[in-house]
Amino acid sequence: MANVRCIYKLIRLQKLRLPLNATSSRLAPLQPRPMTFWIARSYGKDEKAANLDDFRAREDQRERERDAADKAAEKASQKEAGGGGGLGATGSESSGPKDDAKQAKVDAIRTKILDAALQHVPTQGWTRQAIILGAEESGYPSVVHGMFPEGGFALVSHFNGKCNAQLVESLQQRTDDGKQEVEDPLDFLVQAVRQRLEMVAPYKTHWPQAMALLAQPQHAPTALAQVLTLVDDICYYSGDRSVDFGWYTRRVGLATIMKMTELYFLQDKSPGHAQTWEFLKSRMDEAVQLQMMLSQTEGMTHTFQRSFNSAFITARNILGLGYNRN
Amino acid sequence: MQSTRSTRLLSLARRFVHIRTAAQSARESTGLGRDKSSGAESTSGTEQTTHFGFQTVRESEKEQKVHEVFEQVANSYDMMNDAMSLGIHRVWKDMFVERLGPTHGMRLLDMAGGTGDITFRYLRYLANQPNPQQRSSHVTVSDINQHMLDVGEERAKRLGLTTDQLSNCTVAWQCADAEKLPFQDASFSAYTIAFGIRNCTHVDKVLSEAYRVLQPGGRFMCLEFSHLTNETMQWLYDQYSFQVIPPMGQLLAGQWQAYQYLVESIRRFPKQEQFKRMIEQAGFDQVSYENLTFGVVSIHSGFKL
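Those protein sequence lines, which keep their order, are chains A and B.
Just so we're aligned, residue 1 is where the first sequence starts under UniProt numbering, counting upward by one.
Just so we're aligned, residue 1 is where the second sequence starts under UniProt numbering, counting upward by one.
Bound conformation, chain A alone (with noise of 0.2 Å):
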């Protein structure tokens, strides 16, 4: 009897051990229960309201107590400071509005003076010295640069932007915003990456100044910020309607390779670049071979996809994007 029961309390000792969702047990196996099971046990009171638009209900109404709650925080320390100041209550209620003006006029002459200092990046290359003849041609006198305290990332990342925005416009036009079919998903995305690799050909020559400054730890969000929004807009506009975690093995898949072809691309010497779009190509087809003999393991490309899962939601984690409903 005694033994029945040491093997009894064995088999509950191991079941605690294993992970949750072990498949491999050989003692009565657990059953796989889907992630947001867990959340709403360790959330929800009553049992009812286990599924998952209950539960993001119930976070959307924290996050709005939340931010209700921050404002008037906010508003209190701004009284009891502005009253010394000067400032009545009826400034901090109308500086809405005319924040937004203020910030936009700001906004408008950094982005002037960063497209004046884009032409002087061929001779200067990405540094403060660009930004301080960028301003002096806009009107501005040299002191300026120092609204751009990053130096040279600040035009790198601007030029950045410019491109993807210039990209994602180019995307919409073709596929009419999204809503129309696209016929060769592979080759839509080689063109893509084509497409913006050659908005960089002008500023070969210091390219590779900019891969450095973006690949420095101070500047990762901002850096990683941008390639992945890149990303994600190539693969949405190549008709990627995925909810699984296709979602992200494609998109960091696709980082990789315009990643890899652009390197590829700084000591290409081949006319027209030939040779970097076949690189691009050759890398497309490896990456769908990859794939689908991934999807013939079925096994193992749990573990894979697990560990593209917890790469994207560290590099999320490092831009503090979270649940972010805005």
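Quick caveat, the hints were computed from the structure, so don't treat them as lab data.
Built from N, CA and C at the ideal position, the CB exists for glycine as well.
Everything hinted at is true.
In silico SDA-like links for lysine to any residue, alpha-carbon gap of 25 Å or less: (1) K276/B <-> D107/A; (2) K71/A <-> N230/B; (3) K71/A <-> E280/B; (4) K271/B <-> A72/A; (5) K105/A <-> R212/B; (6) K75/A <-> L228/B; (7) K271/B <-> G96/A; (8) K98/A <-> R212/B.
Cβ pair distances, simulated, as ranges: (9) S307/A <-> D204/B: 57 to 63 Å; (10) G254/B <-> A76/A: 45 to 51 Å; (11) A311/A <-> F242/B: 51 to 57 Å; (12) E231/B <-> A68/A: 23 to 29 Å; (13) D150/B <-> A68/A: 55 to 61 Å; (14) A172/B <-> A68/A: 51 to 57 Å; (15) K112/A <-> D177/B: 33 to 39 Å.
We have chain A; now place chain B onto it with these hints.
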């Protein structure tokens, strides 16, 4: 045994110092305090009062009192700066000029420049930059106290940083009140004020004058003692300020009250966020601040766009 003897010696020393400073302040108060007390009786709303350290004085008096403070400390100003901040003030000023990023062709107004610390760093920074287009730059050092400017001019001569000794840079020394600058509109491209703005009676007037003399695109930068972000560190800093600095001032420069005023005026200056709002109210855009040494000093920056 040892400890009680040393504490008794310490308290004796403190009492001795207090007596000396009481005598000094008695001398001072006979000159001014009587005016202040009579003024307090008859003020009753006829004139605005402001803070002078932890005292309350009439606005017309504050300028005079600040002038006296700096008359007394001018000769030992630099030495006392080194002693009080353990030399860190040099790093602060270096970082300040680094943030400004001087370029050739810049016209700088160094307000409350006094003994010229910021100016000399500005000139040295420019000397280290290549000047392919041979542009000429300019800096005007300005202070309300002529004595401080005289000390600055002496130092400039010694360091070889006067107009005659520099190529493609001119230096001017001008005595002026920050609230009423004698310069034309839009005549400078950068305005700096380091450790001076808390001594001004009307900070908003100083800010609007700064806005006036800056050209469009010009930059306003202010280096000033500010409030620490951490409560415990603020307490430690308070202990250091009130227990160490005035006695040090007495021992090294023979000035207790001046340094008492210094540490009190730091406490009275608005906090970083509030000062940022004041700068925005004066019309500057993209106003930001950066804390150095956990908030002991703070660099505020704004642009006239």
